[in-house]
Amino acid sequence: MSLAIVTGAARGIGRSIASRLAEAGHALLLVDLDERVHDTARELGVGAVRADISQPPDVGRIADAVRAHRDEPRVLVNNAGITRDRLLRKMAEPDFRAVVRVNLGGTWALTEAVAPLLADGGSVVNISSRAQLGNVGQFNYGIAKGGVIGLTRGHALALAPRLRVNAVAPGFVESEMTAAMPADARRRVVDAIPLAAAGQPRDIAEAVAWLASEAASYVTGQVLYSCGGRSFS
Amino acid sequence: MKVQVADEALAEALAAIGSPDGRAEDGVVFRPGPVASWVDAEDQLVEAYRLAHVAAQEDAPVVFVVDAAAAVGRSGPLESAVAVGLVAGGRCLAFEGLRRDQYATVVGWDADEPATRVAATVEQLLGSRAARGQTVMVGTAHLGALLP
Numbered sequence: 000m001s002l003a004i005v006t007g008a009a010r011g012i013g014r015s016i017a018s019r020l021a022e023a024g025h026a027l028l029l030v031d032l033d034e035r036v037h038d039t040a041r042e043l044g045v046g047a048v049r050a051d052i053s054q055p056p057d058v059g060r061i062a063d064a065v066r067a068h069r070d071e072p073r074v075l076v077n078n079a080g081i082t083r084d085r086l087l088r089k090m091a092e093p094d095f096r097a098v099v100r101v102n103l104g105g106t107w108a109l110t111e112a113v114a115p116l117l118a119d120g121g122s123v124v125n126i127s128s129r130a131q132l133g134n135v136g137q138f139n140y141g142i143a144k145g146g147v148i149g150l151t152r153g154h155a156l157a158l159a160p161r162l163r164v165n166a167v168a169p170g171f172v173e174s175e176m177t178a179a180m181p182a183d184a185r186r187r188v189v190d191a192i193p194l195a196a197a198g199q200p201r202d203i204a205e206a207v208a209w210l211a212s213e214a215a216s217y218v219t220g221q222v223l224y225s226c227g228g229r230s231f232s
Numbered sequence: 000m001k002v003q004v005a006d007e008a009l010a011e012a013l014a015a016i017g018s019p020d021g022r023a024e025d026g027v028v029f030r031p032g033p034v035a036s037w038v039d040a041e042d043q044l045v046e047a048y049r050l051a052h053v054a055a056q057e058d059a060p061v062v063f064v065v066d067a068a069a070a071v072g073r074s075g076p077l078e079s080a081v082a083v084g085l086v087a088g089g090r091c092l093a094f095e096g097l098r099r100d101q102y103a104t105v106v107g108w109d110a111d112e113p114a115t116r117v118a119a120t121v122e123q124l125l126g127s128r129a130a131r132g133q134t135v136m137v138g139t140a141h142l143g144a145l146l147p
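Heads up: the protein sequence lines correspond to chains A and B, in order. Residue numbering for the first sequence follows numbering that gives the first Met the number 0, beginning at 0 and increasing consecutively. Residue numbering for the second sequence follows numbering that gives the first Met the number 0, beginning at 0 and increasing consecutively.
Note that these hints are calculated values from the structure, not bench results. No false leads were slipped in.
Between beta-carbon pairs, the in silico distance windows are: (1) A:E213 x B:A110: 35 to 43 Å; (2) B:T139 x A:E213: 35 to 43 Å; (3) A:G228 x B:Q123: 29 to 37 Å; (4) B:T115 x A:E173: 48 to 56 Å.
Note that the Cβ used here is the ideal one computed from N, Cα and C, for glycine as well.
Construct the complete structure from the given sequences, taking the supplied hints into account.
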């Protein structure tokens, strides 16, 4: 059986990605700093590691868990991320550094640690964001998620032809955070989306599952925007 | 204006508009230094943040100069991450600056192009405030490469 490693898998998009990859027949190793990752793992009947991908010792523990797993590692999904939104003029350095360290540094570190363990023909899928095309109050997140695209292309070239590396860039997706938005703010966001709806975690999971599958075997170094058309509207 | 560029020839070519001792409150031209590790990458991005943060408080212009190859993902993963990250940061800052007329943009530098041509492009952009939030490529070595 092939093993897929999914970070940020306790809830939301990451959890949905994990479920979708399980449906595709992968064994799973879930990773999250959120202790609810163990609940999610129990529900899916898979393994989990509670870890902070921005901390090198934790990245080492994740790699150890991959090595120790009985299934053959073939897919890595770098989904874990955080936000600390604020206008740049008011943004504190720790908030810049934390977002870059987790979203970009964590993706870098885990890919470097796990890619050598993936079987030939394996796939890495990074989660970027439509926000990297430019968003007010997200200088830190935009840099981190743009950086993820740079990593995706750089790793795609560095790891080819053995592995494929691609990215999915979600737009506005239903989550615990977006559920708390005021109704008028939410309406303004959705009104700007050509497909006139917020995305669902499952929409992102489907894009990830395709890029991770044999169906995308000739695709590497690409960014798939799953944002209802918002990337160009 | 603060001109902090990890390249002697470019620093010399930009001397007419600023220097490393210039004030970021008056504007920033930043080119990241070499990146050999994640620590280097984070340091370069944090430096970009520090300079742009000061400039943003005064609505002063910001120009990031990145390697063109890295900006299209044709360099090593970390070099590309820093360059594409700054491309995205330039766009985010441009959006933030729209209401206050703060200018931000990015210049991609082909390795074959002389520093004087890059400097001329930076000066022209700062003067005209054209191509706000865009990536202006100096050189054609990466013509047709996918962006963003």
